[in-house]
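**Q** All residue numbers for the sequence shown refer to this note's numbering, where the first residue is 2 and numbers rise by one.
These aren't lab readings, by the way, just hints derived from the structure by calculation. One or more of the hints may lead you astray.
Unchecked claim - Below, computed lysine-lysine pairings styled on DSS-like, alpha-carbon distance capped at 30 Å:
#1 Lys154 <-> Lys235
#2 Lys75 <-> Lys108
#3 Lys126 <-> Lys97
#4 Lys108 <-> Lys80
#5 Lys62 <-> Lys75
#6 Lys234 <-> Lys126
#7 Lys62 <-> Lys154
#8 Lys108 <-> Lys44
#9 Lys37 <-> Lys18
#10 Lys80 <-> Lys157
#11 Lys232 <-> Lys247
#12 Lys108 <-> Lys97
#13 Lys174 <-> Lys247
#14 Lys126 <-> Lys108
#15 Lys18 <-> Lys97
#16 Lys247 <-> Lys234
#17 Lys126 <-> Lys88
#18 Lys37 <-> Lys62
#19 Lys18 <-> Lys157
#20 Lys44 <-> Lys174
#21 Lys108 <-> Lys62
#22 Lys157 <-> Lys62
#23 Lys234 <-> Lys157
#24 Lys80 <-> Lys97
#25 Lys157 <-> Lys126
#26 Lys18 <-> Lys44
#27 Lys126 <-> Lys174
#28 Lys37 <-> Lys108
#29 Lys247 <-> Lys235
#30 Lys247 <-> Lys188
Unchecked claim - Computed beta-carbon distance windows for the label pairs:
#31 Asp130 <-> Val86: 42 to 52 Å
#32 Gly78 <-> Tyr252: 36 to 46 Å
#33 Lys44 <-> Asn65: 53 to 63 Å
#34 Lys37 <-> Glu14: 39 to 49 Å
#35 Gly35 <-> Lys235: 22 to 32 Å
#36 Tyr10 <-> Gln161: 31 to 41 Å
#37 Glu202 <-> Lys234: 54 to 64 Å
#38 Lys44 <-> Gly152: 16 to 26 Å
#39 Gly90 <-> Gln190: 23 to 33 Å
We put the beta carbon where it would ideally sit given N, CA and C, even for glycine.
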Amino acid sequence: SVTTEFTGYDHLEDTSKVTVLTTETEIAESLMEGQKGTIFVEKTPFYATMGGQEGDCGIIKGANGVFEVEDTIKLRGGKYGHVGVMKSGMISNGEKVTLQVNEEARKNIEKNHSATHLLQAALRKVLNDNTISQRGSNITAERLRFDFSFGRKLTKEELQQVEDLVNQWIQAKAPITCEEMTVDEAKEQGAVGLFGDKYGERVKVYTMGTFSKEICGGPHAGNTGELGHFKIKKEEASSSGVRRIKAVLEY
């Protein structure tokens, strides 16, 4: 089996064994300098693109080569593919390698992801509407985009109130904690989640102070105080009955 174990909640570097290598067109025994390809390993600290969150970048080092990871993808059966290019030397199938996530990019993605949770909680509170739910998101190291169910354009005053409330929660320096529980337990605790989704038996629930509790795969920042200053850049229609907010964190 080439199912990949994810180890990146706790650390951003790990060692593993290469299980499959591919070029852009076929399975290969090795990747050579300059070749683009994908590396699969037994376990990885690289988070794959999912739940709207951009996948990790970084490097994979073998005894004789360095591979630059430009994106991490998750395939059927829980396989994580590290997509990128051989920067030097070569890496072969079966080889032991060291995987190093780009720490700065990951930390910024985590902060933007946490800010997205605070944004949803603030929208529900300011608009006094607990039926508001996520309709999509796209989170990178540079910015966040959040789509949510709502039937009209937000006023300038409402957007300012949302922004101010998120910043108030950031300034509260509230701890961000994660617990694993059953879906029923999460519902009982009032966790927000897309319950139409097919969750596993146990889910991760991220709590941010007293403001936000959501079912989410993570990963997230450790404290709201890490998030800098939240700034809404744009609010627009995404589709019928769905609004979109684009925002950034400033430091």
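**Q** Would you pick out the hints that fail for this structure and give their numbers low to high?
**A** The structure conflicts with hints 3, 7, 10, 17, 19, 20, 22, 33, 34, 35, 37, 38 and 39, although it agrees with all the remaining ones.
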